[in-house]
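Participant: Residues per chain, in single letters:
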Amino acid sequence: EVHLVESGGGLVRPGGSLRLSCAASGFTFSDHYMDWVRQAPGKGPEWVGRIRNKVNSYTTEYAASVKGRFTVSRDDSQNSVYLQMNSLKNEDTAVYYCTRSVVGSGCFDYWGQGTLVTVSS
Amino acid sequence: DIQMTQSPSSLSASVGDRVTITCRASQDIRNDLGWFQQKPGKAPKRLIYSAFSLQTGAPSRFSGRGSGTEFALTISSLQPEDFATYYCLQHATYPHTFGQGTKLEIK
Numbered sequence: 001e002v003h004l005v006e007s008g009g010g011l012v013r014p015g016g017s018l019r020l021s022c023a024a025s026g027f028t029f030s031d032h033y034m035d036w037v038r039q040a041p042g043k044g045p046e047w048v049g050r051i052r053n054k055v056n057s058y059t060t061e062y063a064a065s066v067k068g069r070f071t072v073s074r075d076d077s078q079n080s081v082y083l084q085m086n087s088l089k090n091e092d093t094a095v096y097y098c099t100r101s102v103v104g105s106g107c108f109d110y111w112g113q114g115t116l117v118t119v120s121s
Numbered sequence: 122d123i124q125m126t127q128s129p130s131s132l133s134a135s136v137g138d139r140v141t142i143t144c145r146a147s148q149d150i151r152n153d154l155g156w157f158q159q160k161p162g163k164a165p166k167r168l169i170y171s172a173f174s175l176q177t178g179a180p181s182r183f184s185g186r187g188s189g190t191e192f193a194l195t196i197s198s199l200q201p202e203d204f205a206t207y208y209c210l211q212h213a214t215y216p217h218t219f220g221q222g223t224k225l226e227i228k
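Read top to bottom, the protein sequences are chains U and E. Just so we're aligned: 24 in the working numbering is position 24 of the first sequence, and the numbers increase by one with no gaps anywhere. In short: position in the second sequence from 1, add 121, done, that's the working numbering.
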């Protein structure tokens, strides 16, 4: 069974940094693209960023709202994906979800339970 | 960026009703569209991918259709557990974008 478990959320001041982790199990992690999606309180989901698999050189994509501040990385030996968030703003407050994508079969077929990031002074 | 416009934004219906939610893309996205269901406090769950393919484990009362810019999600006979918020998602181009959501409520 596929499991995605996020960790690392919490309260951080504007301008601060936070690193989220997502531990994956139940599938061949190295085969898949992995994405982060966030959802601000009372709002719809917003795609944040993606990291492709080794076959596709671990290349990344980002939403304009986070480009230059957030970095997605992965460690296939640990079946984990990470989201490094720097220069955090109040508007980054959201639940952050780790998701899996299957090349050729759409996006976000499995989601973690999410981890809450609150940016506030 | 591609804009995804869902309608209606909210919908009241009864158990057993047939309901349809639509999603319009601001430009051609082929069939690179998914539908998701979200209940309060939970992560979204994918129901449909590639516009009309049923996610493994999703009930067969859910169906999707469309291509290009016009898409629809139909629930053939509403069940109590279907009352939730539904989102479409395009993944044809970056950034991937969601619709604003349709809240399905019990009449």
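What the hints contain is simulated information worked out from the structure, not anything from laboratory work. Keep in mind the model is a prediction, meaning the values are calculated, not measured. Some clues are possibly wrong.
[What the hints assert, rightly or not] Computed footprint of chain U on chain E, listed as stretches where at least three residues anywhere in the stretch have a Cβ under 8 Å from a Cβ of chain U:
id	region
1	165 to 179
2	203 to 212
3	216 to 228
[Stated by the list, open to error] Okay, derived cross-link-like pairs now, SDA-like style, lysine to any residue, Cα gap no bigger than 20 Å in a straight line:
id	chain 1	residue 1	chain 2	residue 2
4	E	K166	U	T71
5	E	K163	U	Y58
6	E	K163	U	V5
Glycine is no exception: its CB is placed at the ideal position from the N, C-alpha and C atoms.
Participant: So, for every hint listed, does it hold in this structure?
Facilitator: These are the hints, each one checked on the structure:
Only when three residues or more bring their CB closer than 8 Å to a CB of chain U does the claim for the region 165 to 179 of chain E stand; here the count is 7, and the claim holds. Given a C-beta distance limit of less than 8 Å, the hint that chain U covers the region 203 to 212 of chain E holds, as 3 residues qualify and 3 suffice. For a cut-off of 8 Å, the count of residues in the region 216 to 228 of chain E with a CB near a CB of chain U stands at 7, and the three-residue condition holds. Only pairs whose Cα atoms come within 20 Å are accepted, and K166(E) paired with T71(U) is rejected, the gap being roughly 25 Å.
For a cut-off of 20 Å, the pair hint linking K163(E) to Y58(U) is broken: about 29 Å separates their Cα positions. Of the pairs offered as hints, the one joining K163(E) and V5(U) holds, with about 13 Å between alpha carbons and a cut-off of 20 Å not exceeded.
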